[in-house]
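In the numbering used here, the protein residues as written are 1 to 387.
What you were told as hints is all true, and nothing was included just to trick you.
Pair ranges (Cβ atoms, derived): (1) Ile18 <-> Gln298: 47 to 57 Å; (2) Arg219 <-> Arg113: 11 to 21 Å; (3) Gln241 <-> Leu27: 42 to 52 Å; (4) Gln261 <-> Leu204: 55 to 65 Å.
No lab work stands behind these hints, which were simulated from the structure alone.
Predicted model only: the values in this text are computed from it and were never measured.
We put the beta carbon where it would ideally sit given N, CA and C, even for glycine.
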Amino acid sequence: MMSRGNDSPSHRVSEARIFLAAFSALLSILAIAWITRLFLPGWGGPLLVASMGASSVLLFAVPASPMSRPWPLVGGHLCAGVVGMSCALYVPDQALAAALAVSGTLLAMHFLRCLHPPGGAAALTAVVGGESVHALGYQFVVTPVMFDVAIMLVMSQLLQRLLRGSAEMHGTSGEVIEASLRRPREISANGDLPFDSGDLDAALRDMDTYIDVDREDLRRIYTLAVLHGRVRRLDDLRVEQAMDRDYLAVEFATPLAELWQALEKRGLRGAAVISPGRHVLGMVTLSDFRRHAETLGQGDLGEGLRLLMTPSGTLESDRPEVAGQIMSRHPVTALPAQRLAELVPVFVNRCIHHMPVVDGREKILGMLTWEKVVALADGNPARGTGG
1 MMSRGNDSPS HRVSEARIFL AAFSALLSIL AIAWITRLFL PGWGGPLLVA
51 SMGASSVLLF AVPASPMSRP WPLVGGHLCA GVVGMSCALY VPDQALAAAL
101 AVSGTLLAMH FLRCLHPPGG AAALTAVVGG ESVHALGYQF VVTPVMFDVA
151 IMLVMSQLLQ RLLRGSAEMH GTSGEVIEAS LRRPREISAN GDLPFDSGDL
201 DAALRDMDTY IDVDREDLRR IYTLAVLHGR VRRLDDLRVE QAMDRDYLAV
251 EFATPLAELW QALEKRGLRG AAVISPGRHV LGMVTLSDFR RHAETLGQGD
301 LGEGLRLLMT PSGTLESDRP EVAGQIMSRH PVTALPAQRL AELVPVFVNR
351 CIHHMPVVDG REKILGMLTW EKVVALADGN PARGTGG
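Let the hints inform the model, and build the full structure from the sequences given.
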């Protein structure tokens, strides 16, 4: 029974990404055909090099591959055009010319660090393409090869940027976890990696084969695997097991000075604002204090905080004086029975540190903090107390 290697879980990508890759290849090949017809109306030679089909597969199906980057695309085809046409013109036997063209192109691409498999097809085209190709001589390198490459390069950069933007808007779990690397008090890989670039180079040399991934991607794969392992520890935990019951909750009319003192005294960074019936109205965090203080102090944080803490003593004021006036409304809340793992993307995507835990009537029961989630993911729940 044959193994379907590309169907293994480790090689799967989303169906949406596959369709986007196919659509990108469609647009790119159409663009090459249309632009060459537009700018080369009287051209008697071939307009579209067959290797563009293979290049589109690399550029859009495996864009992270080192072979899919601009220099391999450009340099690989440049080597192929020059070496292939040289063999076609100066080696009389076509079979020998074809073999020399492919092997010579491989060597040139290797030493120029522009390995791009479709280059082998372009080199072969120069030899077996027939009289219409041979008649072009070295013009074949410029038109159609490099002309097609230039269009493909522009299309790939444009479409990959659009695809990257789409991925950022609809982050995968891996991208969401990776985003946590950029967050304070992150779900970390327990410090530095246990190897450096030299160790990685030595390991690659020991394998003595080409690995279609660069060093930074290997480091990223390792880090993401560790992060996934951390998050997996949260799978069996529920919010009620992680929430802080010793939370701080204040009413809408609580003076800002009083709230600040309470946060400082208890070493907390946020408090829930609740109604007399204990329904959650909003959240006030140190970030809210900072934002309003910078506005009041016109960039002077200290002066802004002083103004926030000083009551105006009048019935009407042009600056906030109570918790409800600086709170973030409609905060994200959690239910006690929710799984912690499913809330990690919410914390990361919404850039929040606090999540009030409520019952079925939206009444507050506790507070879930990002610090506690991180501590549990790292296997150190004691570190996540407070917040």
